[in-house]
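Protein chains: 6
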Amino acid sequence: MGIHHYFKSLSDLEMIYRCPGKFKFQEHSVASHSFKVAKIAQFLGTVEELAGKDVDWRLLYEKALNHDYAELFTGDIKTPVKYSSPELKRLFNEVEEEMTRKFIEREFPKEFQKVYLGRFKEGKDETLEGRILAVADKIDLLYESFGEIQKENPEPLFLEIYEEALSTILLFKEMTCVQYFLQEILPDMLRERFIEQSELVEITEKMVEASKND
Amino acid sequence: MGIHHYFKSLSDLEMIYRCPGKFKFQEHSVASHSFKVAKIAQFLGTVEELAGKDVDWRLLYEKALNHDYAELFTGDIKTPVKYSSPELKRLFNEVEEEMTRKFIEREFPKEFQKVYLGRFKEGKDETLEGRILAVADKIDLLYESFGEIQKENPEPLFLEIYEEALSTILLFKEMTCVQYFLQEILPDMLRERFIEQSELVEITEKMVEASKND
Amino acid sequence: MGIHHYFKSLSDLEMIYRCPGKFKFQEHSVASHSFKVAKIAQFLGTVEELAGKDVDWRLLYEKALNHDYAELFTGDIKTPVKYSSPELKRLFNEVEEEMTRKFIEREFPKEFQKVYLGRFKEGKDETLEGRILAVADKIDLLYESFGEIQKENPEPLFLEIYEEALSTILLFKEMTCVQYFLQEILPDMLRERFIEQSELVEITEKMVEASKND
Amino acid sequence: MGIHHYFKSLSDLEMIYRCPGKFKFQEHSVASHSFKVAKIAQFLGTVEELAGKDVDWRLLYEKALNHDYAELFTGDIKTPVKYSSPELKRLFNEVEEEMTRKFIEREFPKEFQKVYLGRFKEGKDETLEGRILAVADKIDLLYESFGEIQKENPEPLFLEIYEEALSTILLFKEMTCVQYFLQEILPDMLRERFIEQSELVEITEKMVEASKND
Amino acid sequence: MGIHHYFKSLSDLEMIYRCPGKFKFQEHSVASHSFKVAKIAQFLGTVEELAGKDVDWRLLYEKALNHDYAELFTGDIKTPVKYSSPELKRLFNEVEEEMTRKFIEREFPKEFQKVYLGRFKEGKDETLEGRILAVADKIDLLYESFGEIQKENPEPLFLEIYEEALSTILLFKEMTCVQYFLQEILPDMLRERFIEQSELVEITEKMVEASKND
Amino acid sequence: MGIHHYFKSLSDLEMIYRCPGKFKFQEHSVASHSFKVAKIAQFLGTVEELAGKDVDWRLLYEKALNHDYAELFTGDIKTPVKYSSPELKRLFNEVEEEMTRKFIEREFPKEFQKVYLGRFKEGKDETLEGRILAVADKIDLLYESFGEIQKENPEPLFLEIYEEALSTILLFKEMTCVQYFLQEILPDMLRERFIEQSELVEITEKMVEASKND
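Chains as they are written, first to last, in the UniProt record's numbering: chain A, 1 to 214; chain B, 1 to 214; chain C, 1 to 214; chain D, 1 to 214; chain E, 1 to 214; chain F, 1 to 214.
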């Protein structure tokens, strides 16, 4: 029993890689993903706050930092499996909750159990913070899939992930932070361009030519 | 639709690493594991054959090469989750079978579907070949965990895996090939020794001394 | 200009590895480290809160998530260099602040600049949250060096890092959360034991023996 | 002496990477390659069987699983070296056979030596199974080189490998399984297409537009 | 104290990767870079010698092999930081020299100190050998950035590095070896072409067609 | 044809890893190895020079930097194969020389061919520089195998490599630089010690205790 095991488990999240079984140019661990989601949620929360919403920052950060912790207990179950029947999904959620509860009771001293039971709850609820988490999680996934497409990963899966992530974000289109993302951030992402090798010839020739007149 | 997708999927098995989320000195992919299980099963089958048993080699190799293919559809579900309730286990099995069936119907031309439905069936049944597969699968797991323990991986999980693998092998202790493994192979594994840095001093001194008299 | 560049830069932190130029069994990125520090700070803050302290959670999470972001601009400067003279240290700090300010002015729209200038400030100040960050940062470093020592990394540097991290933690020994760490967590870490290969012989023999009487 | 060394050597094949000294996006080990060749040979054998041929499945699997095992003894000798003179080629083959024979005599108990001497023989002979192995080996090489070309590896070597592999396959064009490959599988491989970043703009705009009318 | 530590430190240079924090398809260590710079300098020196210049080969090799050794003491400080003010640059150089001096005095026996103090001096001075080093260092950087652009790395940084490297080379355009590089080597680099997947269709069809007439 | 191909091939040496097919904690490329051998040879040459020998530095550096370049053409052929018969060894050397000659004639302009034919010759001859190379090559191999043994690699091969490397070094025991190595450097290597986890308990307790009296 002990917090030591909990601290050690954080490092295990550095060794769970997302989307196994598909070729990727860049791997992302659950630990890194959780960091990025927390930072993106921070920005989205700031947008909502500037628009006059009341953000419970403590709650928002807790949701972002913990939202994938349970993968330590359950492993990586493919989404089509998880959602293949409502019955399986319900049972699976029960198992996940049970395992989390047992982990907390085994590793956490009494006085911390209540607060950690709250922290390990499913975070994507109907609160403002739950919705910000849902959006931030998908924005990071959008960036991960965009990174692969931009590096010319031929695997069609990444286009499917991009579309799935975007369509989930669009479900929250009434939120100010989603509108901000769609209008101010996404266009910049799409405007990113490649350096073509053919440009190199031109650039090189110009530079060599210019240097002759120095 | 097409065999092309099936051939391509073989390479995805090179990118699924066993036992994610735990520090390992050496990673093992599902593709490599399947290769090693097939080779170990080959040896175990040879022992049984020499002892007079009739081995259906075609069936044995099919079982060994295919036994983890379905991880492509389902992902890596941790064992405690899978076995947490008989109901969940039954549902998971149904989903796995359903997904395999759909994959075969989608990717394989009609004339191959029947033979591949057979090949993708759960292999660890009560036949001689099914039992050899069960043993070979655990022998490779024993070697994987032994490799980590021998490299001094401090993660206690690998001792648990070693014990779990050995205890499963012992369930089949009536089989000639298991007796052979226990008597002729396992003792050699356990006799492997470390090279201590302290030995280096002695070896070095002896060699330097000896060279003086050349 | 744009938040897009800021979001993209989060992924660059996944590719900065801590402590370059030394052999390590397990690498840790700045992104992963920031995640772990945020989670450790969360626990330490909970201890302080239970002890009756008032924790500004928003501030604590901001400090933890941002504390190493500036490495993107400055690179990894070895500590002995940074601290070689008070003058150099002062100049380096000025450059770091200047670069951070320029980055924010270039990439962030006006309305976000003030809040992000605050977020990117040096976090380890005299506030309760600043001190929790200082401790959490060193606890993660302690775990990183312990992980190497436990895996028998022969590099003496990791013992030096362990000692340096522990001695910084001890500077904050008046804090409730540090006392909790020293009394309840650190002893569990030190009690972790190795699995000796020699144990395997014994375990194996016992299991084989026991199975004979089944 | 012992089977233990043979079992352990299987794991060494996980650490021999094909085509060293050339930049690759995805590495393939000899163990993985052997697995894939066995699975491809399984399919090709099935095609031949459906066409009425008699397949010796035991032999086919043995050939596929063992065909590169001798690289453990000889290392990776570049093809132009191996074939630079008929004399050198003959000598290399003699050395390889001698080393394999010695390994079997040293590691395998008497009763297994004969069967393993057979299994480690050069597999690509004139039998149906030998020809299926020759084709399956090259199909996997074709997929490996295609994977690099598709990911835009600028190294011209991979085009040479693609051509060399295809031309070897074409030598066996009278075989039913080769005709099946050329007509049903290869066209699907060549039809695979890239996702262009430019498509993303269009897809994104359509999705955002559509969501406005929800 | 001892040469042993110096020999061991060479291996640390194998674990310092250039340009951290940016996605790269191929990593380059400081050890590999130093090797390549020494080989490129060898060629450039040969060009100068054939043109009648007197090359001090001992000096040239020493400069090339040692030019990045000090990164072991200072770490990887980003160029914009280093050059942000003349004062910082001066101070930083003083620290680097001081650290190098201390390292030599601590690790090298008296009789070797003078020669190694010379070897660890900043190599890019006004001598012929110093200028060859400056060019060789940038040619390797040009190749590293070209390798990324050719593999379609979307990171604009690599174009900036390419331009910066080329413009530094052009500063030395009066040197025979630079003229040789610009006229004989650079054009070959730029002429390198991609294999397009679309070519595969044509090549494949031609080969299949041709084989029909065998 | 062109120097461009020669420059590009240097990067291929970064992707040839030494001793494939054996588990290693730390990989070493041929490029890194060549760098380290050149630096070790530099030190050994300095010892000889201080002892009054005349060192041809140009020759020494050329030998060190080029000594494994031919692995690009031939691949990694295991030593027992190469030396299995004098006839094979002779033929193999002829092939290597032929391939090197052809490479130089194909890639190098006429005016450079002679000097590069000299540079690519087998370097380990009877000259002082040839003997220094032979020793430096084995010292680096000794360090590579020591690094594995020190990290507790259970593979007995590394002890064999250590012994083989040391016994080759001892063949040159009359050289001043070898005596220096044996007396001044090797003992320091062997004196390196492990950090035991058990020490951590003691160190930690002392530090915590001491901090109580601050």
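None of these hints come from the bench; they were simulated from the model. It cannot be assumed that every hint is accurate.
No copy is singled out in the list; a pair is fine if it fits within one copy or between any two copies.
To be verified - In silico DSS-like links for lysine-lysine, alpha-carbon gap of 27 Å or less: (1) 8 x 124; (2) 78 x 102; (3) 89 x 8; (4) 22 x 173; (5) 110 x 8; (6) 82 x 206.
Taking the hints in turn, this is what the structure says about them:
no.: 1; hint: 8 x 124; in the structure: both (26 Å within a copy, 24 Å between copies)
no.: 2; hint: 78 x 102; in the structure: both (24 Å within a copy, 16 Å between copies)
no.: 3; hint: 89 x 8; in the structure: neither (29 Å within a copy, 30 Å between copies)
no.: 4; hint: 22 x 173; in the structure: neither (31 Å within a copy, 33 Å between copies)
no.: 5; hint: 110 x 8; in the structure: within (20 Å within a copy, 41 Å between copies)
no.: 6; hint: 82 x 206; in the structure: neither (57 Å within a copy, 29 Å between copies)
Checked against the numbered hints listed earlier, the structure breaks hints 3, 4 and 6; every other hint is satisfied.
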